[in-house]
Amino acid sequence: MNYRHAFHAGNHADVLKHVVLLGLLDALLRKEAPFFVLDTHAGRGRYLLKGEAAGRTGEATTGILPLLGLQDPPPLLARYLRAVAADNPVDALLVYPGSPLLTAQAMRAQDRLAACELQPEEAAALKALFASDPRVAVHARDGYDAVHALLPPRVDGTRIARGLVLVDPPYEAQDEEYPRVARAVREALERWPQATCAVWYPIKQRRSLQPFFRKLEGLPARSVLLTELLVRPDDSPLRLNGSGMAIVNPPWKLDEAIAPVLPVLGDKLGERGTSTRLEWLKRDEG
Numbered sequence: 001m002n003y004r005h006a007f008h009a010g011n012h013a014d015v016l017k018h019v020v021l022l023g024l025l026d027a028l029l030r031k032e033a034p035f036f037v038l039d040t041h042a043g044r045g046r047y048l049l050k051g052e053a054a055g056r057t058g059e060a061t062t063g064i065l066p067l068l069g070l071q072d073p074p075p076l077l078a079r080y081l082r083a084v085a086a087d088n089p090v091d092a093l094l095v096y097p098g099s100p101l102l103t104a105q106a107m108r109a110q111d112r113l114a115a116c117e118l119q120p121e122e123a124a125a126l127k128a129l130f131a132s133d134p135r136v137a138v139h140a141r142d143g144y145d146a147v148h149a150l151l152p153p154r155v156d157g158t159r160i161a162r163g164l165v166l167v168d169p170p171y172e173a174q175d176e177e178y179p180r181v182a183r184a185v186r187e188a189l190e191r192w193p194q195a196t197c198a199v200w201y202p203i204k205q206r207r208s209l210q211p212f213f214r215k216l217e218g219l220p221a222r223s224v225l226l227t228e229l230l231v232r233p234d235d236s237p238l239r240l241n242g243s244g245m246a247i248v249n250p251p252w253k254l255d256e257a258i259a260p261v262l263p264v265l266g267d268k269l270g271e272r273g274t275s276t277r278l279e280w281l282k283r284d285e286g
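At position 28 of the sequence shown (counting the first as 1) the number is 28 in the numbering used here, and the numbers step up by one without a gap.
By construction, these hints were calculated from the structure, which means they are not laboratory data. Hints may contain errors.
DMTMM-like cross-link-like pairs, simulated, lysine to aspartate or glutamate; straight-line CA separation at most 20 angstroms [to be verified]:
(1) K253 with D234
(2) K253 with D26
(3) K50 with D91
(4) K204 with D175
(5) K268 with D234
(6) K215 with E177
(7) K215 with E190
(8) K127 with E177
(9) K204 with E172
Using the sequences provided together with the hints, build the complete structure.
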């Protein structure tokens, strides 16, 4: 696997993914009981925006950077911007926090995170980042295998009822990745039915995602919510034209928190032909 997220840190896909992630974490934080998060493809946790990789591509210039200084953003977008700012000096954006760091920042003493990363260099950086945080366990292993090994979660022999499985693979071989994602989410739900599962997916041509969506519809889940941001029309299979998050068993009113954010992201990050989507793929009417 050759993928390195450092080249894409803070881009439009990260913005959408992390806005949704924080919305999910905020829902978990509404109750005092502990929660558990499994991040299957965690990366290194923190990225230097002026580093060689991110500096070479400059993708943050069409992602997080246009959102800085935004006046009166919707509450969930404001939450995201505060979380990014918390890892930086005042009035400067030097680093971009990845999903495990954003999760750890939000967690309380009773909550737990298992962050999995297969690439040795990235896993070593992740372990160093959380070396002094007893709430976070870093696993240098395949994240899909971790679904079987770590779920349902237990801390000191006590099962944790609530939580989130975040699946954010690189999709280097998409024909292989989508079936693996669907199998992993199915197993996660079978082992931990109370969990919410959030899956990030790239959009090059949306019509190619239909088989994946059909698999999501067939999951043993109450509901599935799709949220997408296309920064340009999806008429090129060679470019990342946008991305989406499929949220399986989303918490109550998550869609209402996301809805006002999407038009702002489309306006600030999109090119000509941008579009957004917030749609129930499957909905519990009970």
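Going through the hints against the structure:
1. Taken as a hint, the K253 and D234 pair is broken in the structure, with Cα atoms around 29 angstroms apart against an allowance of 20 angstroms.
2. In summary, the hint linking K253 to D26 is supported, as the alpha carbons are separated by about 11 angstroms, within the 20 angstroms threshold.
3. Note on K50 and D91: the hinted pairing holds, with a Cα-Cα distance of about 15 angstroms set against a maximum of 20 angstroms.
4. Proposed proximity of K204 and D175 is supported: the alpha carbons are some 14 angstroms apart, at most 20 angstroms.
5. Using a Cα cut-off of 20 angstroms, the hinted pair K268 and D234 holds, with the two alpha carbons roughly 18 angstroms apart.
6. A threshold of 20 angstroms between alpha carbons decides the hint, and for K215 with E177 the separation of about 13 angstroms falls inside it, so the pair holds.
7. The hinted pair formed by K215 and E190 meets the criterion: a straight-line CA distance of about 15 angstroms does not exceed 20 angstroms.
8. Proposed proximity of K127 and E177 is contradicted: the alpha carbons are some 26 angstroms apart, above 20 angstroms.
9. Proposed proximity of K204 and E172 is supported: the alpha carbons are some 13 angstroms apart, at most 20 angstroms.
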